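Student: Position chain B against the provided structure of chain A, taking the given hints into account.
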Amino acid sequence: MAEGHAGARTAVSWLGARGSRVRWWRALRRTPPAMIGAAVVGAVAIVAAAAPLLAWNNPVAQIAKPLLAPGGPYLAGTDQLGRDELSRLVFGTRVSLYVGVLAVLVALALGGTAGLLAGFYGGWLDNVTMRAMDVLFALPALVLAIAITAVLGPSLTNVMLAIGIVYAPTFARVARGPTLTVAQLPYIEAARAVGVSTPAIMLRHVVPNISAPLLVQTTVSLSTAILTEAALSFLGLGTQPPTPSWGLMLSDARQYMLIDPWIAVLPGCAIAITVLGFNLLGDGLRDLLDPRLRLF
Amino acid sequence: MRYLLRRGLWTVVALLGVSVVIFLLVHFIPGTIVDILGGGEGQLSPEQRTAVMHEFGLDRPLPVQYAYWLGSMARGNFGWSFRSGQPVGQLLVSRLPITIELAVLSVAGVAGVGIPLGILASVSGSLRVKTAVQVIGLLGLSLPNFWIAVLLIIAASYLFHWLPALIYVPPWTQPWVDLQQMFLPVLSLALGLAAVVVRMTRSSMLEVLGQEYVKVAQAKGVTRAGVLLRHALRNALIPIITVLGLQMGYLLGGVVITEQIFGLPGLGWMLLNGVYQRDYPVVQATVMLFALTFIVVNLAVDLAYTYLDPRIRYQ
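Protein chains in written order, with my numbering: chain A, 1 to 296; chain B, 1 to 315.
In case anyone wonders, no lab produced these hints; they're calculated from the structure.
What you are looking at is a predicted structure, and each value in this text was computed from that prediction instead of being measured.
Where a beta carbon is used, it is the ideal one built from N, C-alpha and C, also for glycine.
Do not rely on the hints blindly, as some may be mistaken.
Claimed, not checked - Some chain A residues close to chain B (C-beta under 8 Å, calculated; not the full set):
hint, residue
1, 130
2, 134
3, 135
4, 142
5, 146
6, 147
7, 150
8, 231
9, 268
Unchecked claim - Derived contacts from chain A toward chain B, CB cut-off under 7 Å, selection only:
hint, residue
10, 102
11, 151
12, 230
13, 258
14, 259
15, 276
Here chain A stands alone, though its shape is the one from the complex (with noise of 0.2 Å):
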């Protein structure tokens, strides 16, 4: 468990003194593919803040002739609507990232409290939490994702639910793993033996040595989380119209595809250089931060 030591103490020395974060900073920078990654998360988090800047029309207002061809007035064209197709591209950034990042943040809310607690106090709770996350996943994500979602009815909010809870179970599983190994160690008997409470030793002691792995997570699942939203907005179970949403856009292209094939291969673009970007981050962070969880 050497190496899981090391990558604990990476994770607190990145959270805690402001040198160690440069040195991080500088072991991304050697990293091409991750630096490639942070640039395009970054562009696209711009888009995203800059959005009224950069779109010159309304995103829902219908200004000109439908299905216009990209060049000319409207850069990326106009949609089925006569809407303004870079508009729409650029106000779905919004979008995207919103349900993204909420979404992976329900996760990592409930399936690492879920896994931190089923790691610290082992036992019966332990068994109940972690099979109750095997069951969820016995079902396909985007399967369980649909079914919630037809529970709880289409809607922004809602699919931002249904990711957070399908994507749970991984969190649980990877906030455990490490904190199993933590607990044991000398200095959180010894704050228990100074009399430090356990949520205080649970929030002060233990999660900071499980963030790494988390953060990985985190990071890796965005690119997931957004990819499941545009598939749930194609089906008709996201984002509801008029909502600028790029699976939504996607969706609505397919009548008019064979006629007018950009506003069907623009989204689909914006969607793919969003997700490989936050791929690309997540596996250079992931080489960075915890080796042991290389893939390939």
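Tutor: Showing chain B alone in chain A's frame:
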């Protein structure tokens, strides 16, 4: 043997757990079946409502309802579709072959293309091949399969002026037309996953090729192909099988979207239409079947480990 028993028992427990999840999910749907069927409040008098609730067994305690549902499923009765009134079991049986065909062809495509390409890439020492494999693997993870499907349709119609027939034809009536229809859906499902398998195969093979016994095999004069296939591949297969098993989850999810895009009336199509029409017996039954498939695949993957590597003996 004891392991098999325990593993089988866990499969049953997992299925029961899934059935509880599905039962509770459907139970939490706002409004009762009566409202959905009766078209909203006010259509039925309170007495009529009570009568209908009683007829469906909805006035009984929750555990009784669950036990009743489970019992009838065990006897092969999946209930009746709210919309068409057909027995859901019959619908499942008619939809299942389409999904099985799609999934089997896709897995065959993924393994058949991904593993050989991965082996070839592991033998090549070229840096370009290495980078290409990594980039392609990453793209496979990042491109949504429904977008690939849409691009394939556009490409087929623009470049080849060809589109597959829209009404599904089963393989036993016109095998050639059926294969034509399956070509694009299978391609859209398999491309991304194959890219990931190429990357996994390459790195797994490289790890094995550095081992002592591979050098021994080479030294005693085993042919190149013999070393690669009989000595290296067999040991490299375990992580590859693991990834293939994990991908079945993505594949089963992807099947739902793919069937919708290409109009193949399989299980995924049935699930989505059940969701759109709020036909809950259909949704319950299809989700159960998806879970069953996934659990059985995972079981098969675990059993494949012991077959591939006799050193693995589960306690």
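Student: Does residue 150 of chain A pass the interface hint, meaning its C-beta sits closer than 8 Å to a C-beta of chain B?
Tutor: holds, 4 Å
Student: So, as I understand it, the hint says residue 134 of chain A touches chain B; can you test that by seeing if any CB pair is closer than 8 Å?
Tutor: holds, 7 Å
Student: Min Cβ distance, residue 142 of chain A to chain B: is it shorter than 8 Å?
Tutor: holds, 3 Å
Student: Report holds or violated for the interface hint on residue 147 of chain A, using the least CB-CB distance to chain B and a cut-off of 8 Å.
Tutor: holds, 5 Å
Student: Next item in the hint list is residue 231 of chain A. Is there a CB on chain B closer than 8 Å to its CB?
Tutor: With a closest approach of 6 Å, the residue 231 of chain A hint holds.
Student: For the restraint on residue 276 of chain A, tell me whether the closest CB of chain B is nearer than 7 Å.
Tutor: holds, 4 Å
Student: Does residue 258 of chain A pass the interface hint, meaning its C-beta sits closer than 7 Å to a C-beta of chain B?
Tutor: holds, 6 Å
Student: Residue 151 of chain A was flagged as interface toward chain B. Is the shortest Cβ-Cβ separation under 7 Å?
Tutor: holds, 5 Å
Student: Given residue 268 of chain A was flagged as interface, is its beta-carbon under 8 Å from a beta-carbon of chain B?
Tutor: holds, 3 Å
Student: Against chain B, with CB atoms and a cut of 8 Å, does the hint on residue 146 of chain A hold up?
Tutor: holds, 6 Å
Student: Would you check whether residue 135 of chain A satisfies its interface hint, that is, whether its CB is within less than 8 Å of any CB in chain B?
Tutor: holds, 3 Å
Student: Given a cut of 7 Å on the nearest C-beta pair, is the interface hint for residue 102 of chain A held or broken against chain B?
Tutor: violated, 20 Å
The earlier numbered hints that this structure contradicts are 1, 10 and 14.
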